[in-house]
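J.: Input sequences plus hints: build the corresponding full structure.
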Amino acid sequence: MVFPPSGVRWERGSELSDHREAYRDLCAAYAVGALEGSDLKDLVEHLESGCTVCAEDLASYHSLISLLLLALPKAAVPSELKDRVLFAARMAQVTKARFHQTDQDETQLESPPRGAGWIRRHWLSISASVIVVLAGVAGYFFLEPYLADLSDQSAYIRTQRLRIDQLRIQHSKDEEILAVLRSGSFDAVKLAGQGLTAASSGMIVWNPSTSSAVLQVFNLPVAPPDSDYQVWLIANQAALSVGVFVIDAQKGLRNLYALQTAATVGSADSLEFSVTLEPKGGSAAPTGRVCLRGMSPPVR
Amino acid sequence: MSELRDATQDGVEDATLLERMTAGDEQALSELFDRYAPLVSSFATAMVGSSDEADEVVYDVFLQSWNHAGEYRREHGKVAAWLIQFARKRIAGSLHSREERGMQTERSGLDLFTPGTATSGTASSATTAPSLSDLAVTAMQNLDQRTREILLFASFKGLGESEVAERFRLSIEVVRAVMSDGLSSVRRSLGERL
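Sequences listed follow chains A and B, in order. Residue numbering for the first sequence follows my numbering, starting at 1 and increasing by one per position. Residue numbering for the second sequence follows my numbering, starting at 1 and increasing by one per position.
Rather than coming from a laboratory, the hints here were simulated on the basis of the structure. Treat the hints loosely; a few may be bogus.
Said to hold, decoys possible - Cross-link-like lysine to any residue pairs, in silico, SDA-like; alpha carbons within 25 Å at most:
#: 1; chain 1: B; residue 1: Lys-89; chain 2: A; residue 2: Glu-272
#: 2; chain 1: A; residue 1: Lys-190; chain 2: A; residue 2: Glu-272
#: 3; chain 1: A; residue 1: Lys-41; chain 2: B; residue 2: Ala-92
#: 4; chain 1: A; residue 1: Lys-74; chain 2: B; residue 2: Leu-132
#: 5; chain 1: A; residue 1: Lys-96; chain 2: B; residue 2: Asp-25
#: 6; chain 1: A; residue 1: Lys-74; chain 2: B; residue 2: Asp-134
#: 7; chain 1: A; residue 1: Lys-74; chain 2: B; residue 2: Arg-187
#: 8; chain 1: A; residue 1: Lys-82; chain 2: B; residue 2: Gly-49
#: 9; chain 1: A; residue 1: Lys-74; chain 2: B; residue 2: Arg-35
As the list claims (entries may be wrong) - What follows is a set of in silico ranges between Cβ atoms, one per label pair, in the way DEER data are often shown:
#: 10; chain 1: A; residue 1: Ala-55; chain 2: B; residue 2: Ser-185; range: 20 to 30 Å
#: 11; chain 1: B; residue 1: Pro-115; chain 2: A; residue 2: Ala-88; range: 37 to 47 Å
#: 12; chain 1: A; residue 1: Met-91; chain 2: B; residue 2: Ser-184; range: 42 to 52 Å
C-beta atoms are modelled at their ideal positions from N, C-alpha and C, and glycine is treated no differently.
T.: Below, the structure written as structure tokens:
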């Protein structure tokens, strides 16, 4: 296949048509990934020269093939596969850096030239000294990247372990939340913002048989450093603490909290829930301003 | 995505991700994986049949993309097509090895293109127009058997033109012509919609 020189501009319609015809089969073979040998190399160079005609044809072929790919049955990608890929990429980076360092080090190990007579007289001690020095330097440069690698790997492993611990904690919290919802017998109470937090809202799902709750809040600001939000259940004119929670600004919509009170709630005509701002760690009784409030339907 | 054009998500083009990967940006690799791992996985699963082996193909493809990101050129085509090239080569090696050992090769993925097979995935109903993908698959089903098989062997099984020529006892020039005629026929079937 003889390729026209690069950079030729096809001005006339017939030349354009001839050009397209000349490259049609090559572009098709290239698009499906079958083109080989010198023709492959030449076509790539031709494309890199900026031929818009062939680029347009190739794009059209690629679109067709992509439509066929999109028709294939969808397959799931396991979540841990990405972690494996990223880890392998990181190891490839570290290995590449080590070999690059080793190449640099080898150029530094050349000895400067010496006078011939001096070398003949002291050849043994020179040899011994050079060997010792070389061994020391080589040992240092050989071991140092490994230590650096180990340090990098250790740091990476520590990061991953931290992440695993965070995920375990989150999973544990999620399980607590699900335990309340799975019980099947709970009351859901909407909470409305009060006063300064009028723009806030919330929902509390209360399980009376286990005295546990799941709380979700919206637009509740992060508490001051010396304060915490505390949830109260007011029944039979008594306020029972259901728990203390801390707003996590990172959670966004996932501001869900599992709460548990040790107290048993007896029968009551209705239950009122409120969220107040209390001193850090919570209080024995509500003392701070009310941020959210809501009333449950009568207990059945 | 309704069409496999070079994706731009959050304002970042695929080619930009590859440039960042060349500089060692692992986050760029993570984003590329999120964009195209499902597609590569679908392709690999259809070709090799086993999800475990398909996972290994996906792993190798993205590791290859990391190691060779600096070699990608926009003139070579879309990034997605570049990734599928890696997958083809990886799968071709696997399939050859199986054939040499006398093992059967799963063909379930290519059954989609057998004439008379209903299209799936991008599903259409009686009340909606068929998708472009469905039309393309139907167009493939309507090709003559030789043209269809040549296109499928090259596109999906990673066979080079010389291997296809040997398998079908044709010259390389004829193989190329058959491929381009087949793709042109599919393109005509899609008409203005492409």
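J.: Could you run down the list of hints and mark each one as holding or not?
T.: How the hints compare with the structure:
1. Distance check on the hinted pair: Lys-89/B and Glu-272/A sit about 66 Å apart at the alpha-carbon level, beyond 25 Å; violated.
2. Taking the CA atoms of Lys-190/A and Glu-272/A, the gap is about 10 Å. The hint holds against a cut of 25 Å.
3. At roughly 21 Å between alpha-carbon atoms, Lys-41/A and Ala-92/B fall within 25 Å of each other, so this suggested pair holds.
4. Distance restraint check for Lys-74/A and Leu-132/B: the Cα-Cα separation of roughly 16 Å lies within the 25 Å cut-off, and the hinted pair is therefore satisfied.
5. With a CA separation close to 14 Å, the supplied pair Lys-96/A and Asp-25/B stays within the 25 Å bound.
6. Taking the CA atoms of Lys-74/A and Asp-134/B, the gap is near 14 Å; set against the 25 Å cutoff, the hint holds.
7. Using a Cα cut-off of 25 Å, the hinted pair Lys-74/A and Arg-187/B holds, with the two alpha carbons roughly 24 Å apart.
8. With a CA separation close to 21 Å, the supplied pair Lys-82/A and Gly-49/B stays within the 25 Å bound.
9. Proposed proximity of Lys-74/A and Arg-35/B is supported: the alpha carbons are some 14 Å apart, at most 25 Å.
10. Between Ala-55/A and Ser-185/B the beta carbons are some 22 Å apart, a value that agrees with the proposed interval 20 to 30 Å.
11. Hint check: Pro-115/B to Ala-88/A, Cβ distance near 42 Å, so the stated range 37 to 47 Å holds.
12. Distance hint check: the CB atoms of Met-91/A and Ser-184/B are about 46 Å apart, consistent with the given range 42 to 52 Å.
Of the numbered hints stated above, the single one contradicted by the structure is hint 1.
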